[in-house]
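Peer 1: Protein chains in written order, with the working numbering: chain A, 1 to 413; chain B, 1 to 170; chain C, 1 to 214.
FYI, nobody ran anything at the bench for these hints, they're computed from the structure. The structure displayed is predicted, hence computed values, not measured ones. Don't be surprised by glycine CBs; every beta carbon is placed ideally from N, CA and C. Incorrect hints may appear among the rest.
Said to hold, decoys possible - 25 Å max Cα-Cα, derived DSS-like pairs, lysine-lysine: (1) B:48 <-> C:110; (2) C:214 <-> A:211; (3) C:55 <-> A:61; (4) C:55 <-> C:110.
Unchecked claim - Partial pick of chain C residues on the chain A-facing surface, computed with a CB cut under 10 Å: (5) 56; (6) 91; (7) 115; (8) 192.
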Amino acid sequence: MSNKIMQWVDRRFPLTSFVKHDLSEYPTPRNLSYWWNFGSLAGIVLVLQVLTGIFLAMHYKADVAQSFNSIQHIMRDVNYGWLLRYMHSTGASAFFLVIFIHMARTLYYGSYRAPRELLWWTGQGLLLLLMGTAFMGYLLPWGQMSFWGATVITNLFRATPFIGDQVVVWLRGDYTVGDETLTRFFALHYLLPFVIIGAVMVHLIALHMVKSSNPSGIDLADKDNIPFHPYFTIKDLYGLGVFLMVYFGFALFFPNLLIEPANNIPANPMQTPNHIVPEWYFLPFYAILRSVPNMVGGVVAMGLSVMLFAFMPFLDRSKIPGGALYRPIYRLQFYLFIIDMMILGYIGYVPPTDQTIVIGQIASVVYFGIFFILPFTSKIEEKWLRNRGLPAQVEALIASEELQIAQKKSGGK
Amino acid sequence: MAHDEALGDVGRRDFLFKVTTVVGGVGVAAATVPFVTSMNPSADLLAKATTEVDLAGMDPGHMRTVAWQGKPVFVLRRTEEQIKLAVASKGGLDPVADQQRVKQAEWLVVIGVCTHMGCVPNLEGEGWTCHCHGSQYDYSGRVVRGPAGKNLEVPPYHFSAADKLVIGEA
Amino acid sequence: MKKQLLALALCCVASLAGANEGVKLEKIQVDPSNPAVKRGVEAFMESCHGCHSLKYIKYQDLVGLGFDKAKVKEWQGDWTIDSPVMGMMPDDAAMASFGTIPPELSLMAKARDGGNNYMYSYLMGYYTGADGVTGNHVFPASKMPDPLGISSATEPAQRAEIAAKARDIVSFLNWASDPHEQERFRLGYYVMGYLLVLTSLLYVMKNRIWARLK
Chain A
1 MSNKIMQWVD RRFPLTSFVK HDLSEYPTPR NLSYWWNFGS LAGIVLVLQV LTGIFLAMHY
61 KADVAQSFNS IQHIMRDVNY GWLLRYMHST GASAFFLVIF IHMARTLYYG SYRAPRELLW
121 WTGQGLLLLL MGTAFMGYLL PWGQMSFWGA TVITNLFRAT PFIGDQVVVW LRGDYTVGDE
181 TLTRFFALHY LLPFVIIGAV MVHLIALHMV KSSNPSGIDL ADKDNIPFHP YFTIKDLYGL
241 GVFLMVYFGF ALFFPNLLIE PANNIPANPM QTPNHIVPEW YFLPFYAILR SVPNMVGGVV
301 AMGLSVMLFA FMPFLDRSKI PGGALYRPIY RLQFYLFIID MMILGYIGYV PPTDQTIVIG
361 QIASVVYFGI FFILPFTSKI EEKWLRNRGL PAQVEALIAS EELQIAQKKS GGK
Chain B
1 MAHDEALGDV GRRDFLFKVT TVVGGVGVAA ATVPFVTSMN PSADLLAKAT TEVDLAGMDP
61 GHMRTVAWQG KPVFVLRRTE EQIKLAVASK GGLDPVADQQ RVKQAEWLVV IGVCTHMGCV
121 PNLEGEGWTC HCHGSQYDYS GRVVRGPAGK NLEVPPYHFS AADKLVIGEA
Chain C
1 MKKQLLALAL CCVASLAGAN EGVKLEKIQV DPSNPAVKRG VEAFMESCHG CHSLKYIKYQ
61 DLVGLGFDKA KVKEWQGDWT IDSPVMGMMP DDAAMASFGT IPPELSLMAK ARDGGNNYMY
121 SYLMGYYTGA DGVTGNHVFP ASKMPDPLGI SSATEPAQRA EIAAKARDIV SFLNWASDPH
181 EQERFRLGYY VMGYLLVLTS LLYVMKNRIW ARLK
């Protein structure tokens with residue numbers, strides 16, 4: 001009976017063929033490591049956030065006089081409201097953790113290189129959408145940190161040339177962060193995740209065009225691809241189980257570790273807290289912002305620090321595939337980058353002192369430096385490694401790519 | 001393809017597959033509970049779901065109107081006369097015995113909202129009169145003249161003490 | 001390697017979140033049991049309610065803890081049962097006496113770095129200076145007078161009694177900031193147990209399915 005229904009549907013809608021082509025029979029490299037689980041994990045966290053968010057929105061009030069109280073109402077009176085709230089606040093951190101690991105995997109293995117540039121750039125777009133969503137969501141509890149964080153960050157738009165002041169007022173809907181700002185941030189916070197869902201679909205379409213890269217850096221032969229189902233469905237489910245243990249460990253036992261104490265105090269526009277600090281996932285970029293003594297310079301540096309990732313396919317000029325695998329210098333740069341991000345995160349958190357300012361400035365220079373020397377180091381490293389000798393497959397891959405480029409050039413003449 | 005076998009051999013008919021699916025399914029089912037129950041009235045609303053009325057100091061013939069869940073409720077301490085009239089008949093357009101509408105003959109508790117268009121009737125005549133369209137109710141809150149067609153609704157209530165009425169809970 | 005670095009970073013941020021700027025806080029183990037919380041309510045009503053309110057705790061919540069309605073009525077005064085627990089000192093009187101309005105306490109356990117440790121150390125941190133003026137080690141700028149009398153308690157038995165009272169108050173305020181905490185931990189044990197079982201099953205299934213690959 002169900003067979004007949006499926007036949008009826010399939011004549012009118014490519015359901016079975018889609019599921020087969022893009023899910024169950026989708027060819028995936030057999031050697032993918034667990035670092036490849038984080039894309040699907042990000043999708044799961046997105047679903048979690050949307051679900052908890054919608055049910056929270058049934059009780060939340062986006063009005064300056066009521067928002068803080070409505071959160072307490074959710075925490076104390078709404079059935080399982082406390083669970084929804086803690087899942088949502090933990091989920092935001094989980095989302096960024098998963099995305100940062102997902103990005104790190106891509107950088108380490110060079111998965112941003114041709115032909116995956118659009119995949120990387122749609123990812124970059126997703127990162128920006130996520131940051132925007134998180135920033136606006138953080139205002140909604142209307143705590144001290146919510147208010148002052150939003151005040152500081154919307155202030156930065158003053159750096160816009162000529163119309164800076166008007167842009168800030170336009171963003172806020174008022175001269176200061178207030179009821180107007182709160183209402184519109186709620187509307188946009190509800191909207192953006194659905195834009196994210198659309199962008200994720202574009203991201204996946206791009207992926208299915210070029211297929212996953214893999215830890216060996218070399219495109220596998222067809223025989224070495226295996227169908228996504230059952231191998232990666234079960235592997236993703238297992239990875240999900242591990243992830244959920246970490247997630248619920250935080251959400252159910254230590255949720256308040258991720259909530260700034262000052263945000264348990266209702267917003268007071270007359271009194272700034274001693275210590276304004278964004279959520280942990282914004283800390284490195286915040287540190288870069290503060291490292292530049294000039295406001296416009298700081299804003300430009302911070303914006304650049306987020307956007308620079310997009311340039312990786314161009315900055316990395318090495319023909320050697322596989323990212324850090326066969327390239328010891330690139331691997332060093334990668335680890336240095338990770339450590340630098342941690343240092344910047346720490347600097348972003350602590351109140352600035354003479355020492356921490358200097359450390360932050362050095363770390364910011366290192367951050368940009370790693371990107372800016374990459375065009376040069378990648379070329380030098382390539383020359384050195386090819387002289388030294390690379391594994392046969394890698395040489396073959398480089399040779400075939402060079403041949404393709406040469407053919408295109410001669411064909412085009 | 002060997003891959004179907006990979007699932008088939010280990011899968012469908014396998015005990016482990018069944019157990020895992022059941023365990024997973026139980027988790028998913030359990031996970032829906034917080035979401036669904038969060039939509040039910042919250043604790044503070046339920047606390048307001050009952051209204052306590054202090055009956056001390058009410059003489060026979062005296063009526064109090066209290067708010068319960070946003071609606072007016074008439075609490076009438078009926079006189080002997082009023083009880084006699086109420087018991088004597090089964091009402092008018094929507095017949096029912098008076099004994100079915102009260103827990104103690106002396107106290108009538110009805111929602112003071114006319115079942116026609118929702119106006120609040122006045123205590124006059126031999127019961128209540130609704131001045132919006134002329135509906136009339138007797139001393140048991142039963143409709144005796146239209147255009148209303150149903151009796152005044154009796155809310156759940158109980159006596160928590162001799163002189164304490166709790167509306168909202170049977 | 002990467003995993004360890006990330007874990008290290010998380011721990012750093014986490015410990016920083018609990019860190020305090022300068023003053024060393026005494027660690028207190030709060031008693032989440034109902035009797036302790038109720039003792040804390042009584043102590044609160046005795047020593048704190050004069051000035052402090054609990055904005056997000058209603059009198060009916062105290063009935064929910066197990067207090068007799070008559071007892072709660074004593075604390076309630078003229079307020080209705082569904083109104084928040086209001087401090088007895090009006091704001092203008094507080095401004096006149098102390099130059100500041102005593103903060104409401106129902107979220108204080110979460111609103112300070114160190115949470116329960118902060119509140120306990122604060123209550124126990126009153127001392128009498130050489131000039132006879134009372135001060136507080138944890139919050140030197142505090143305008144609040146010593147509520148439990150620790151600054152003038154010299155006998156060990158007396159100090160122990162005050163310490164126990166402080167602990168009860170902190171246990172109550174901890175409950176007040178997060179009434180569902182114990183329920184959350186219980187759910188946590190069940191969820192972690194369940195996930196352990198499910199993840200183990202999935203692990204075995206994963207290995208079985210992948211074993212089929214040549």
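Peer 1: Which of the listed hints are broken here?
Peer 2: 1 and 6
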